[in-house]
Structures are given as structure tokens and as C-alpha cells.
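K.L.:
Work out the full structure: start from the sequences and follow the hints.
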Amino acid sequence: MATAFDIVLCLLLLAVASAAVFGRQGFVAIVFFITYGLLLALAWLRLDAVDVALAEAAIGAGLTGILLLVARAQLRALEPKHAASPSVALRLLGVVSAAAVATGLSLAILSIPPSEGLYRTVMDQLPSAGSDNPVTAVLLNFRGWDTLLETLVLLSALLGVWTLARDEDWPGRAGRAHQTLSEGVLAQFGRVLPPVALVIGVYLVWVGGHQPGGAFQGGTVLAAAWIVVVMAGLLPAPHVDDRGLRASLLAGPMLFVGLAAAGLLADSFLYYPPASAKYLILGLEAALAIAIASTLALLVFGTPEHRD
Amino acid sequence: MPVWMPYAFCAAGLIGLGLYGLITDPRLLGRILAFNVVGSGIFLLFGALARRGSVDYADPVPQAMIITGIVVAISATALALGLTVAHARAGGGESLPDDDPAEDRPRGSGE
Numbered sequence: 001m002a003t004a005f006d007i008v009l010c011l012l013l014l015a016v017a018s019a020a021v022f023g024r025q026g027f028v029a030i031v032f033f034i035t036y037g038l039l040l041a042l043a044w045l046r047l048d049a050v051d052v053a054l055a056e057a058a059i060g061a062g063l064t065g066i067l068l069l070v071a072r073a074q075l076r077a078l079e080p081k082h083a084a085s086p087s088v089a090l091r092l093l094g095v096v097s098a099a100a101v102a103t104g105l106s107l108a109i110l111s112i113p114p115s116e117g118l119y120r121t122v123m124d125q126l127p128s129a130g131s132d133n134p135v136t137a138v139l140l141n142f143r144g145w146d147t148l149l150e151t152l153v154l155l156s157a158l159l160g161v162w163t164l165a166r167d168e169d170w171p172g173r174a175g176r177a178h179q180t181l182s183e184g185v186l187a188q189f190g191r192v193l194p195p196v197a198l199v200i201g202v203y204l205v206w207v208g209g210h211q212p213g214g215a216f217q218g219g220t221v222l223a224a225a226w227i228v229v230v231m232a233g234l235l236p237a238p239h240v241d242d243r244g245l246r247a248s249l250l251a252g253p254m255l256f257v258g259l260a261a262a263g264l265l266a267d268s269f270l271y272y273p274p275a276s277a278k279y280l281i282l283g284l285e286a287a288l289a290i291a292i293a294s295t296l297a298l299l300v301f302g303t304p305e306h307r308d
Numbered sequence: 001m002p003v004w005m006p007y008a009f010c011a012a013g014l015i016g017l018g019l020y021g022l023i024t025d026p027r028l029l030g031r032i033l034a035f036n037v038v039g040s041g042i043f044l045l046f047g048a049l050a051r052r053g054s055v056d057y058a059d060p061v062p063q064a065m066i067i068t069g070i071v072v073a074i075s076a077t078a079l080a081l082g083l084t085v086a087h088a089r090a091g092g093g094e095s096l097p098d099d100d101p102a103e104d105r106p107r108g109s110g111e
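Chains as they are written, first to last, in our numbering: chain D, 1 to 308; chain Y, 1 to 111.
Derived SDA-like pairs: lysine to any residue, alpha-carbon spacing no greater than 20 Å straight-line: (1) LYS81/D / GLY92/Y; (2) LYS81/D / LEU96/Y; (3) LYS81/D / ARG89/Y; (4) LYS278/D / VAL207/D; (5) LYS278/D / GLN211/D; (6) LYS81/D / GLY91/Y; (7) LYS81/D / ALA86/Y; (8) LYS81/D / PRO26/Y; (9) LYS278/D / TYR203/D; (10) LYS81/D / LEU69/D; (11) LYS81/D / ALA90/Y; (12) LYS81/D / LEU83/Y; (13) LYS278/D / SER128/D; (14) LYS81/D / PRO97/Y; (15) LYS278/D / ASP124/D; (16) LYS81/D / ARG31/Y; (17) LYS278/D / LEU265/D; (18) LYS81/D / HIS87/Y; (19) LYS278/D / LEU255/D.
Bear in mind the hints are in silico, worked out from the structure with no lab data behind them.
The model shown is predicted, which means the values in this text are computed figures rather than measured ones.
P.N.:
Spelled out as C-alpha cells, the structure:
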């Protein structure tokens, strides 16, 4: 049954999302957006979706928030001319379409017939999947196609961001040089946080085999550790043509494609023999976590802005 | 009222809110933020509706699809933000020229 907590959380979510959408001050809107992501992670916990809660907190709130903050800082430095306020007609169009969509969805929620979902089907097949965590089993085995294409989408996004670099800056270090006060909060934070984040990140990847966690959540925590170290100025950002870096970006997708193709010899594309599925998934998770961590971190560092 | 129900209605409201921002916000950064609110609202609606069954556990298939969705959303967001910064660096300001045709026409910047 829904408790008062659920109702209050839903109202809070709507209020914080409104503050993020209507906030004309860019910085405040982004801070509200990060808060919104963390509250949303709480909502996922209430819906018993712990894996999604971890992904939302790490990727949806954390990394998206950093991306928005970095982009805002870059835009401010460029001092672009300000955009005109929307016209009354446009606002009216916005209100009408938003209200129509929200009302239509609410009516659909009230009229949708009950469904049992696929929980039992997944549980019946779980012993042959190679993972005791049903979500990991779906991600890497039952619906491996989705995840394979997703890793390629992530890689394409990075290629897209890199193509925006100016010719004279390529190949430089990713992003711009970060300078911080050596005794400042960020520099201190940059020394304390990474060791803890490394342990949590590796733990999340490992534990994904039988409990909530996995390559995406763990990889994101590892990416966050690297981002903090670079933003605190303790380590320079990597060169975009570094061979080790390129290898770590490609390790996950290449292993995934290779395993999927090897399945073709045994049975079909993306087939894992049940006897060795556990080890294949464990290896795949490790390679994917490295690829996801480096791709996400490089997406946050952005295009090279100077050549050294 | 079952647990999933307030979250499903909340998700409908979030999608509406984000859509309003997507339509009315002239700043590209604001639109990308609103796009993320729409996206997370759709995920929440999907996840809440997946809890309707009589089983007392969350269905793993929607969960896996939502995690995939979150990663695809951040990929799209990163690329969109990169394009926004590149657009501003090229002198385009913080909004698209279509938003304000009267101001951009005299400059005659061809596509």
C-alpha cells in the first residue's frame, strides 16, 4: 500500500522538477536537477528497483549534473548573447500540450489492464543465465542485444563529442586544464574520495553477479573517481590519442562483439553455453566496467581545448 | 491505493513539466535539462506500471531496459551539450536562430 511517505515524495519530485524546469538562473536549475535525480533514486527504492536506483543516482543525477555544470561554465566563459523570452503564444502552446499529455497519460494509467509481467519467466530461466541477479541476467544474457547496442551508442556519443574539437587542438589532452587551490575544498576532496570510490566501484561490479549492482553502476563510480582527480588538478586529463586509453574504450564493446560472434559457432549470436555462462558474464562485466568508466569520464572531460 | 500508483501519476506530471520546458525554454541548456526530465519521467512511468503484478518483486526486464535507457540518455545529453557549446563558440549564442528569426536574419549567416 502507498504510504504518506510515497505521496510526499511524489509531491517533492514534482516541486523540485518544477524548480529545475522553471528556474531561469542556470546554476540553481542544475542544482535542483541534481536534487531531483537523488529523490528519483529514492522513488526507485520504493518501487523495489535497487539496480535502477543505483544507476539513477550515479548516472542520472551525478554525471548528468556534472555535464550540465561543465557546459554552463563553458557557455558563461563565451558570454553568448542572451536568448529572448518565449512569446505568450509559445507559452500557451506549452501549457496546453503539457496538460494534454499529462492528462492523457493519467487516463491511460487508470484504464490499463493488470499484467503479471515477466518476473516468473526470468526466474524460471535464471539457473542457466550465469548470474544470480535477475537484472544482470536480463542485461547481459536474455536481452544482450540491447546492452551490446547500448555500449556502441555510448562509444558513438564520445566520437560525436570528439568530432567537435577544432583542428588546431587535436590531438591534445581531453577537455581543458583544471587549476584549483592546493588547499581548497576540491583538492582535499580529490585526495580523500578516489580511494573510497575505487573500492565501492570495484565492489559494485563484482557484486552485480548476485545482488544489485553491475558494470554500469560500478563503472560510473570509477568514472566519478577519475573525474574528481582530474578536476582537482591532481592528475592531468589523458591525451585523446593515448593507446592505453583507446584500448580501454574499446575493450568492453570488442569483447562483447567477440563473445556474441563466438556464440554463433556454438548455437546462435549472443549465445552463452550455460556451463561457462557465469565466467563469461563475469569477464564481460569487468571489461564493460572499464570501457564504461573511461567513456563516461571522457564524455565529461569533453573535446580537447588546447594542444600541448 | 497500491504503492506504484502515486509514482505513475507523478511520472505523468513530470513528463508534462519537462515537455513544457522543452517547448518554451529558449536556452539550449534549459531544453536539454527539460529533455532529461521528460526522459526520467518516462522511465518512472514504465517502472511504476511494471509493479502492477501480484508478484512482490520488481520485474527485472523493465529494470534492465530502464538502466539501458539511462545510459543512452546520458550519451545523448553529452553530445547535445557538446553541440551547444560548439554552437556558442561559433558565435551562435545560447539559443538556436529559429527562436528569434528577426535578430539573426541581418547577419546573413548561411547554413
